Amino acid sequence: MTHRSAKDPAPVLALRGISKSFGAVRALRDVSLDLFPGEVHALAGENGAGKSTLIKTLAGVHRPDGGQVLLDGEPVTFHGPADARDAGIAVIYQEPTLFPDLSIAENIFMGRQPRRALGRIDHRATRTATAALMHRLGVELDPDRPARGLSIADQQIVEIAKALSFDARVLIMDEPTAALTGSEVARLFGVVRALREQGAAVLFISHRLEEIFRICERVTTLRDGALIASEPLAGMTEEDLVRRMVGRDLDELYPKQHVEAGEVALSVRRLTREGVFTDVSFEVRCGEIVGMAGLVGAGRTEVARAVFGVDRWDAGEVEVAGRALVNGAPSTAMAAGLALVPEDRRAQGLVMGMSIERNIGLTGLRTTRRAGLMDRGAERSRSLDWAVRLQVKYARIADAVSTLSGGNQQKVVLAKWLATGPAVLIVDEPTRGIDVGTKAEVHRLLSALAADGVAVLMISSDLPEILGMADRVLVMHEGRLTAEIPRSDATEETVMAAATGRAAA
Amino acid sequence: MTVTTTEPAPVAPIPASSSTRLVDRVFKMRELAIFVLLLAMLALTQLGNSAFLSEQGIKDLLLNATILVLVATGQALVVITRNVDLSVGSTLGISAFAAGTYLQGGGHPVVAVVLAVLLGVGFGLLNGLLVSLGQVPALVVTLGTLYIIRGIDSIWVGSRQITAADLPDGFVDFGSGGISAVPWLALIALAVLVSTAYYLKHFGSGRELYALGSNPEAARLAGVPVRRRILLAYTFCGALAGLAGALYLARFGNVDSGTGSGYELTVVSAVVVGGVVFTGGSGTVYGAALGALLLTSVNSVLPALGVSSVWVLAINGILLILAIAVDRVVALRVASALKKRNARHG
Ligand SMILES: Nc1ncnc2c1ncn2[C@@H]1O[C@H](COP(=O)(O)OP(=O)(O)OP(=O)(O)O)[C@@H](O)[C@H]1O
Ligand SMILES: [Mg+2]
Numbered sequence: 003m004t005h006r007s008a009k010d011p012a013p014v015l016a017l018r019g020i021s022k023s024f025g026a027v028r029a030l031r032d033v034s035l036d037l038f039p040g041e042v043h044a045l046a047g048e049n050g051a052g053k054s055t056l057i058k059t060l061a062g063v064h065r066p067d068g069g070q071v072l073l074d075g076e077p078v079t080f081h082g083p084a085d086a087r088d089a090g091i092a093v094i095y096q097e098p099t100l101f102p103d104l105s106i107a108e109n110i111f112m113g114r115q116p117r118r119a120l121g122r123i124d125h126r127a128t129r130t131a132t133a134a135l136m137h138r139l140g141v142e143l144d145p146d147r148p149a150r151g152l153s154i155a156d157q158q159i160v161e162i163a164k165a166l167s168f169d170a171r172v173l174i175m176d177e178p179t180a181a182l183t184g185s186e187v188a189r190l191f192g193v194v195r196a197l198r199e200q201g202a203a204v205l206f207i208s209h210r211l212e213e214i215f216r217i218c219e220r221v222t223t224l225r226d227g228a229l230i231a232s233e234p235l236a237g238m239t240e241e242d243l244v245r246r247m248v249g250r251d252l253d254e255l256y257p258k259q260h261v262e263a264g265e266v267a268l269s270v271r272r273l274t275r276e277g278v279f280t281d282v283s284f285e286v287r288c289g290e291i292v293g294m295a296g297l298v299g300a301g302r303t304e305v306a307r308a309v310f311g312v313d314r315w316d317a318g319e320v321e322v323a324g325r326a327l328v329n330g331a332p333s334t335a336m337a338a339g340l341a342l343v344p345e346d347r348r349a350q351g352l353v354m355g356m357s358i359e360r361n362i363g364l365t366g367l368r369t370t371r372r373a374g375l376m377d378r379g380a381e382r383s384r385s386l387d388w389a390v391r392l393q394v395k396y397a398r399i400a401d402a403v404s405t406l407s408g409g410n411q412q413k414v415v416l417a418k419w420l421a422t423g424p425a426v427l428i429v430d431e432p433t434r435g436i437d438v439g440t441k442a443e444v445h446r447l448l449s450a451l452a453a454d455g456v457a458v459l460m461i462s463s464d465l466p467e468i469l470g471m472a473d474r475v476l477v478m479h480e481g482r483l484t485a486e487i488p489r490s491d492a493t494e495e496t497v498m499a500a501a502t503g504r505a506a507a
Numbered sequence: 000m001t002v003t004t005t006e007p008a009p010v011a012p013i014p015a016s017s018s019t020r021l022v023d024r025v026f027k028m029r030e031l032a033i034f035v036l037l038l039a040m041l042a043l044t045q046l047g048n049s050a051f052l053s054e055q056g057i058k059d060l061l062l063n064a065t066i067l068v069l070v071a072t073g074q075a076l077v078v079i080t081r082n083v084d085l086s087v088g089s090t091l092g093i094s095a096f097a098a099g100t101y102l103q104g105g106g107h108p109v110v111a112v113v114l115a116v117l118l119g120v121g122f123g124l125l126n127g128l129l130v131s132l133g134q135v136p137a138l139v140v141t142l143g144t145l146y147i148i149r150g151i152d153s154i155w156v157g158s159r160q161i162t163a164a165d166l167p168d169g170f171v172d173f174g175s176g177g178i179s180a181v182p183w184l185a186l187i188a189l190a191v192l193v194s195t196a197y198y199l200k201h202f203g204s205g206r207e208l209y210a211l212g213s214n215p216e217a218a219r220l221a222g223v224p225v226r227r228r229i230l231l232a233y234t235f236c237g238a239l240a241g242l243a244g245a246l247y248l249a250r251f252g253n254v255d256s257g258t259g260s261g262y263e264l265t266v267v268s269a270v271v272v273g274g275v276v277f278t279g280g281s282g283t284v285y286g287a288a289l290g291a292l293l294l295t296s297v298n299s300v301l302p303a304l305g306v307s308s309v310w311v312l313a314i315n316g317i318l319l320i321l322a323i324a325v326d327r328v329v330a331l332r333v334a335s336a337l338k339k340r341n342a343r344h345g
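So the protein lines, in turn, are chains A and B.
Quick note, my numbering runs 2 ahead of the 1-based positions in the first sequence.
Residue 274 in my numbering sits at position 275 of the second sequence, with consecutive numbering throughout.
Any given hint could turn out to be false.
FRET-style restraints, in silico, Cβ to Cβ [what the hints assert, rightly or not]:
#  : chain 1 : residue 1 : chain 2 : residue 2 : range
1  : A       : G140      : B       : L38       : 23 to 31 angstroms
2  : A       : V27       : B       : L189      : 52 to 60 angstroms
3  : A       : A228      : B       : E216      : 27 to 35 angstroms
4  : B       : A324      : A       : A402      : 32 to 40 angstroms
5  : A       : A402      : B       : S194      : 53 to 61 angstroms
6  : A       : R378      : B       : V329      : 35 to 43 angstroms
7  : B       : V135      : A       : R65       : 22 to 30 angstroms
8  : A       : D74       : B       : V109      : 52 to 60 angstroms
9  : A       : S404      : B       : V329      : 44 to 52 angstroms
10 : B       : V109      : A       : F168      : 57 to 65 angstroms
What the hints contain is simulated information worked out from the structure, not anything from laboratory work.
The structure displayed is predicted, hence computed values, not measured ones.
Using N, Cα and C, we set each Cβ at its ideal position, and we do this for glycine too.
Can you make the complete structure from the sequences, with help from the hints?
Given below as structure tokens:
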């Protein structure tokens with residue numbers, strides 16, 4: 003498909019020499035960008051490179067300190083998100099921005115509901131349009147259901163539906179696929195391609211490089227807020243792109259060490275939570291990395307939460323190192339050496355207003371205490387150590403976590419749990435939203451932990467990650483464990499077959 | 000390039016969802032529960048004192064509730080946006096006195112009511128501006144205006160007093176008259192209540208008040224004019240407090256510098272008991288009105304049963320805590336019900 007042929011149309015939306023600082027942090031320096039109709043444009047860069055800041059500038063959320071935004075070649079000033087929207091710019095932000103108390107339909111159409119006579123909202127039309135959007139995205143979400151309690155993936159779907167719900171000339175998507183699995187991503191890309199055929203300009207951000215190569219024609223790379231390159235993707239390799247992003251060649255992405263598995267560290271037997279998952283049994287041994295694959299909603303996160311004790315289970319038992327855990331008691335699980343890095347890190351893993359140092363330190367309150375009082379010095383050195391190991395990008399370690407970029411917030415949660423030195427580590431989507439460079443680092447860390455005898459259960463929707471890192475792959479489908487595949491037999495086909503319920507279990 | 004042109008979207012069957020119905024039912028149940036509680040209380044009182052629900056008894060009950068219902072309706076709007084207006088008692092007092100002074104000088108009753116409403120609008124605008132522009136919590140701002148307005152009232156009124164004798168007869172008659180047991184004032188309150196509820200449900204700006212209270216940051220990103228909406232809620236609340244002031248004058252005919260003192264707490268209790276969640280984003284004005292009705296009924300029921308009125312405050316407090324506890328339990332139940340449903344679709 004040749005989309006932007008030689009005739010080279012004028013950009014719909016362009017940035018010229020944009021700069022933006024937050025205090026001492028220069029998030030964007032002199033960045034320019036052209037978005038053409040009928041083209042999908044990727045924005046690449048490490049965590050904290052300035053991608054989200056650039057998007058928020060296009061969306062009228064941030065006012066640039068310097069430079070111009072051009073719409074159809076004319077300079078414009080967006081005084082707020084409504085201005086950008088009225089100009090036909092639809093944005094999916096990195097963090098879902100939903101109204102928990104309102105229905106999905108209202109969330110999607112807030113501010114621009116279909117109207118009846120006298121300016122009254124046409125509730126029925128709103129609902130019908132929402133159902134049509136859901137159908138188009140291939141998901142079954144009830145338009146009348148409140149947004150409260152939606153899973154991360156479903157929240158993401160609602161955000162996507164919101165952006166698709168109006169006549170957008172420009173569609174901007176900040177990591178829309180981070181929480182989605184293959185089939186949903188495919189569905190989204192189908193919709194994006196259709197929009198492209200209709201002449202929309204699309205800006206797409208993802209840390210999954212294969213997605214960029216699948217859907218985009220052109221890529222702009224940022225590093226430390228500066229523009230590195232803006233070029234066609236044709237002829238580029240993933241290595242080229244990584245080099246532009248991180249400024250050096252990358253080590254191996256999946257540095258899996260072979261470790262002889264030891265004793266059984268975590269044993270889960272016939273675990274059931276009514277209506278959520280049924281009869282789940284598996285073991286994880288010391289030194290082993292067990293991957294858990296499955297589609298979104300298969301119940302993986304729910305199993306992890308129940309094992310850790312955040313949710314109660316209805317039947318079954320969980321043992322750590324031969325000792326049974328108490329149902330619904332995370333503190334005993336932690337005492338037994340279990341750690342859980344949750345999927346929804348913003349909501350469950352961070353105290354947004356607190357400093358980076360304190361957030362990492364939270365799990366160490368037991369160990370860094372002296373005579374019942376907190377030892378701030380020990381807390382700081384421990385936090386600094388982990389922040390450096392995970393390459394968290396921050397101005398000062400005492401800054402609030404809320405000022406970090408999305409990926410760097412993820413790293414803080416990882417650091418917080420890795421710092422506990424667990425015997426059994428459950429990680430739910432360990433590299434979601436994390437850039438390639440750090441991804442390799444996280445993988446190296448997991449591998450090193452396993453080599454030290456830690457039992458690791460890794461839930462991931464990133465299939466290459468599962469295949470690259472796991473000694474054994476457990477696959478869940480609709481609340482049941484449908485397959486257990488050894489590393490040697492695990493391929494994209496075998497795992498996907500089990501995940502979609504096509505395999506004989 | 001409308002999204003729906005590529006696939007002439009076959010309208011997906013809306014999945015009949017038990018979760019939605021559950022949530023709906025819970026919220027309807029909340030209002031229903033208050034209503035049943037109210038009826039039960041009135042019925043019991045009637046059993047103990049057969050004069051309680053006489054025509055005059057019902058009329059008194061409604062008259063007493065009217066003013067609280069009006070102010071609670073306005074307050075509900077503000078609470079829905081995750082704010083609060085503590086100055087309503089002071090606004091009610093000063094507008095009642097202003098209307099009275101005007102009528103004393105031979106003014107027309109309709110103009111007097113308009114005057115009271117406009118005064119309320121003025122104070123509402125002031126609150127709205129301070130809250131939406133300043134980065135100070137609404138609780139603190141309106142606590143400030145509570146004292147400021149009360150202070151102005153005291154300086155202006157001094158030890159003066161307006162009594163029914165100073166007011167035109169028509170105005171006082173209107174305040175106590177009605178169609179058999181239903182007072183005119185209650186009809187006014189009902190009309191305000193119904194139109195406010197309709198507005199909140201069916202107009203974009205009404206829904207935006209909920210959006211704002213539910214997630215302010217998301218509201219900003221969705222292009223909701225946050226400041227204008229907050230200003231709107233406060234202005235409306237002020238206007239209703241002003242109107243309530245005029246009706247207070249008509250009902251009691253007696254106003255001095257202390258009128259409406261401490262009223263804000265009753266109002267906020269009524270709103271919360273009625274299921275408008277203090278953290279914003281949910282609840283209805285009908286709920287708030289039922290809450291107001293319940294609290295005023297407690298006031299009338301106890302004397303009718305010969306119980307000392309010192310118990311009224313304690314019972315109000317118990318109702319309030321009960322309401323919050325119920326909210327909490329229901330919220331947890333609903334959350335876990337929704338979670339279970341989530342996990343079922345793949
Ligand atoms: N509100 C803010 N206050 C202070 N600093 C901020 C704020 N928003 C962003 N920053 C800083 O600006 C820089 C760029 O952040 P941005 O969110 O644009 O990164 P990003 O490229 O989107 O990263 P990621 O891939 O992790 O999402 C970061 O160093 C971040 O800490
Ligand atoms: Mg970002």
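Each hint tested on the structure:
1. As the Cβ distance of G140 of chain A to L38 of chain B is approximately 49 angstroms, the hint placing it in 23 to 31 angstroms is violated.
2. A hinted range of 52 to 60 angstroms for the beta carbons of V27 of chain A and L189 of chain B is consistent with their spacing of about 56 angstroms.
3. The hinted range of 27 to 35 angstroms is satisfied by A228 of chain A and E216 of chain B, whose Cβ atoms lie roughly 28 angstroms apart.
4. Roughly 33 angstroms separates the CB atoms of A324 of chain B and A402 of chain A, a value that falls within the hinted 32 to 40 angstroms.
5. A C-beta distance of roughly 44 angstroms is found between A402 of chain A and S194 of chain B, which places it outside the suggested range of 53 to 61 angstroms.
6. Against the hinted window of 35 to 43 angstroms, the Cβ-Cβ separation of R378 of chain A and V329 of chain B comes to about 41 angstroms, which satisfies the hint.
7. A beta carbon spacing of about 24 angstroms between V135 of chain B and R65 of chain A agrees with the range 22 to 30 angstroms that was offered as a hint.
8. The supplied range of 52 to 60 angstroms is met by D74 of chain A and V109 of chain B, whose beta-carbon atoms lie about 54 angstroms from each other.
9. As the Cβ distance of S404 of chain A to V329 of chain B is approximately 30 angstroms, the hint placing it in 44 to 52 angstroms is violated.
10. Under the hint 57 to 65 angstroms, the C-beta atoms of V109 of chain B and F168 of chain A, about 46 angstroms apart, miss the expected range.
The structure fails hints 1, 5, 9, 10 (numbered hints given earlier, in ascending order).
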